[in-house]
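Trainee: With chain A fixed as given, assemble chain B onto it according to the hints.
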Amino acid sequence: MAVFHLNVNNKDLTVDVEPDTPLLWVLRDELNLTGTKYGCGIGECGACTVHFNGTAIRSCSVIVSAAEKGKIVTIEGLSVDGSHPVQQAWDEVDVPQCGYCQTGQIMTAAAFLKKTPKPTTEQIENAMQGNICRCGAYHRIKEAVKVASTKI
Amino acid sequence: MINMQNQTINKTSRRDFLKITSLTGGGLLIGFNFFGAETETPAAVSGTTGLAADLEFNSYLSIATDGTITIFSPNPELGQNIMTSFPMIVADELDADWNKVKVLQGPIDSKRFDRQITGGSGAIPHSWKRLRVAGATARYLLIAAAAKRWNVDASECTADNSFVIHSKTGKKLSFGELAEDASKITAPADVPLKDPKNFKLIGKAVRNVENKNIITGKPIFGSDLKRDGMVIAVIKRPPAFGSKIKSVDAAEAKAMPGVIDVVTFKNNVAVIGKSTWAAINAKDALKVEYEKDASSSESTADHNKRFNDMLNGDTATVRRKDGDVDTAFKNAAKVLKAEYQCPFLPHSPMEPMNFFADVKEDSVELIGPTQVPGSVVNSVARLLNMPADKVSLTITRLGGGFGRRLQTDYALEAAELSSIIKKPVKLIWTREDEITGGSYRPAVKYRFEAALDDKGNMIGYKLRGAGMGAGNSVRENNFPSGSVDNLLIESADYRSPITTGAWRAPITNFLAYAEQSFIDEVAVAAGKDPIQFRLDLIQKAKTSPAGKIGYDLDRMETVIKTVRDRAGWGTKKDVSQGFSVYYSHNSYVGQVCEVMMKDKKPQIQKMYVVADCGIVVNKGGAMQMVLGGVVDGLGHAMYSKLSFKDGAVQQDNFDNYRLIRMKEVPPIDVYFIDNGMDPTGLGEPALPPTGGAVANAIFKATGERMRSQPFIEESVFSNMA
Chain A
1 MAVFHLNVNN KDLTVDVEPD TPLLWVLRDE LNLTGTKYGC GIGECGACTV
51 HFNGTAIRSC SVIVSAAEKG KIVTIEGLSV DGSHPVQQAW DEVDVPQCGY
101 CQTGQIMTAA AFLKKTPKPT TEQIENAMQG NICRCGAYHR IKEAVKVAST
151 KI
Chain B
153 MINMQNQTIN KTSRRDFLKI TSLTGGGLLI GFNFFGAETE TPAAVSGTTG
203 LAADLEFNSY LSIATDGTIT IFSPNPELGQ NIMTSFPMIV ADELDADWNK
253 VKVLQGPIDS KRFDRQITGG SGAIPHSWKR LRVAGATARY LLIAAAAKRW
303 NVDASECTAD NSFVIHSKTG KKLSFGELAE DASKITAPAD VPLKDPKNFK
353 LIGKAVRNVE NKNIITGKPI FGSDLKRDGM VIAVIKRPPA FGSKIKSVDA
403 AEAKAMPGVI DVVTFKNNVA VIGKSTWAAI NAKDALKVEY EKDASSSEST
453 ADHNKRFNDM LNGDTATVRR KDGDVDTAFK NAAKVLKAEY QCPFLPHSPM
503 EPMNFFADVK EDSVELIGPT QVPGSVVNSV ARLLNMPADK VSLTITRLGG
553 GFGRRLQTDY ALEAAELSSI IKKPVKLIWT REDEITGGSY RPAVKYRFEA
603 ALDDKGNMIG YKLRGAGMGA GNSVRENNFP SGSVDNLLIE SADYRSPITT
653 GAWRAPITNF LAYAEQSFID EVAVAAGKDP IQFRLDLIQK AKTSPAGKIG
703 YDLDRMETVI KTVRDRAGWG TKKDVSQGFS VYYSHNSYVG QVCEVMMKDK
753 KPQIQKMYVV ADCGIVVNKG GAMQMVLGGV VDGLGHAMYS KLSFKDGAVQ
803 QDNFDNYRLI RMKEVPPIDV YFIDNGMDPT GLGEPALPPT GGAVANAIFK
853 ATGERMRSQP FIEESVFSNM A
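Chains as they are written, first to last, in my numbering: chain A, 1 to 152; chain B, 153 to 873.
Do not take every clue at face value.
Unchecked claim - Derived list of chain B stretches under chain A, where covered just means 3 residues or more per stretch with a C-beta under 8 Å from a C-beta of chain A: (1) 427 to 435; (2) 548 to 554; (3) 702 to 710; (4) 850 to 864.
As the list claims (entries may be wrong) - Some chain B residues well away from chain A (every beta-carbon gap over 12 Å; in silico): (5) K346; (6) R389; (7) K406; (8) T651.
Derived by calculation from the structure, the hints in this document are not laboratory data.
We put the beta carbon where it would ideally sit given N, CA and C, even for glycine.
Chain A with its partners taken away, still in its complex shape (with noise of 0.2 Å):
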């Protein structure tokens, strides 16, 4: 066990664990930041995006030791109140179904959206290509993320 620090949704943590700890599994049982999911655990999926330093990472694919110096956002801390341009699109174009996958699709969105407001189709399908929905809602995350762009 080792102590590492730890920037997550703006505020400064301290957590002691293996250091070859994915980041994932340090959000989801030692800080209850449970809206990062587990998908596939070799960063196919998607599931577990968050961003660090602004940029969209596999959680699952990062090891707390390499995660200290900088700043991670996940799901919780996007907005407090489901606020974000991107949540409120995807409420409004009613994406989810199963709605396991949607908080990883909803942080590559909003980390891309950051970076290309004004996508085109390509670049929203090639941006998100990376994100599996088993209930094949892709059709409202493509739309959803041209709402949202309207909206940031």
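Mentor: Chain B alone, transformed into the frame defined by chain A:
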């Protein structure tokens, strides 16, 4: 718990289906039985009133004095949007202000609920009338209470948006103000239901009531659960079907940080950890030796041989026989024969299997995602040799199901582990466990034969299904049965050690693709347009039916013609179109797929879908079920493959087992037939026809038949130079 002394048992009838009482603290409470009336299951009715926990009814609708309307949704929610559609039906008949409706997941009680499951696309069709009556009865009572207070005739009053209005004077009272009075009025046995043309919510797109919890990442899924003193369990399972544990060396794993214990039970070795990562990590450090068990260690090549044995052997079960098939084939001008095959597939819900269990000396607490809460309670009770009423279960939202959570295995594992280590346990499956761990969609191979006369009429039809743990792999009373005079439908099954289970649209999810591809082949061989060929068959079944027909010919015909016209069938020069139609879960779905060649490979451009599921309750949720069903059908037909070597699955995660992603999804045009009929299923019916429409469009574009799933392995996608 039900107090046996206060209880009278009634056969449920319309008359005692409702129970009106006062709500503790004021208000109107209506208990109503979701499922009992049709199944004649005894419903427990007692004088106990007040709190929900004491109510001897299966569910209730309540109106509090502040106007809040609460309705429990008893079925597990896995994305089919039942938590929104159920209350919509009640609220519409009630003329409630939708913004004042609060929805809660119903408590699990296997004694009170006799069909509290999510499966078979059955929730709305089963509950439609009950929910309407519940809403309409409450509305009737509220109007009666207002009429009494105003001393006017009830017929002069109407309800709207949670108010009762006296139209002559314009006086109005809110539901909340009337709830107390309404609770003291005796409800009639029959209340009039709305004319569907007056529905205000039903048929509209209403957003998912759980959206906010989902998009803000609230802990609503089973895997999010945390309890004081809870430990995490991860299980190492045999690497291959047909193997068993020979020896376990857990020394290294036990010495790892955060590991509490290693437990061997049945054919499993569980690591109990303080954290999920500690358990997952230590699982890799287990040294377990396996040996062959008594069953076979099968490879995909063995399965292919078995399929052929079943297709050529004489052990198949005859499911339906009409006319004289041998003579028809002997006299045929043309005979066609073709085979289609589908692999085993995992369900892959995004939330892997998990369950919480806290087994104590005389009680068990279970929490987690399941499609069958009653079965979980009963099977855990059996496993632990405990009365079922000592087992409680709290249902969480399911991160997808697709049939996987109709199995109780993972909940039993959690309960068994908790009983062994005497601690509250949350069991987590890894993605690898899910993909390699079985309970798959069965693998099936079909052989079709058709006999055509010299005018291109289908005078003979034969189908034999060869399944692996599929049971009956055919649907003998479905299309084209009834439209062919000489017909033989058979199935054979082989019980492999590879475990199988229901998978969204069981059987039809592969049968429809195979059948609709073959019908397309027959139409081409007969020199007929594939859609007209099907319409001719339906006409034949209408004018001179051959035997039993398990579906409605008119509804099927309407769906076919509507999708034909919407897609501009046969009028487009730049795309190749393929057609498919299928009946399942009492609904009808027709599809046209459009394919274009790009870089000499077929590329799906667009899908047209027409669905007849009767009255659409929630246009938004229904749209999701159709879009999702088509994407599901398209993705698995095109990309997903599971193969075996010596009993071991050769794929284990999303890097080598492919699911459909955003770029592979074409635009989909969806249209619902509006015929005012009572609602039928929609969680599954859009999936089955998809593979056939895609396969037939690819044929039109390339001249190649897609004889095996996944299509991506066919030569048109890989070898065309």
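Trainee: Evaluate each hint against the coordinates.
Mentor: Status of each hint after checking the structure:
{"no.": "1", "hint": "427 to 435", "result": "holds (count 6)"}
{"no.": "2", "hint": "548 to 554", "result": "holds (count 6)"}
{"no.": "3", "hint": "702 to 710", "result": "violated (count 0)"}
{"no.": "4", "hint": "850 to 864", "result": "violated (count 0)"}
{"no.": "5", "hint": "K346", "result": "holds (25 Å)"}
{"no.": "6", "hint": "R389", "result": "holds (16 Å)"}
{"no.": "7", "hint": "K406", "result": "holds (16 Å)"}
{"no.": "8", "hint": "T651", "result": "holds (20 Å)"}
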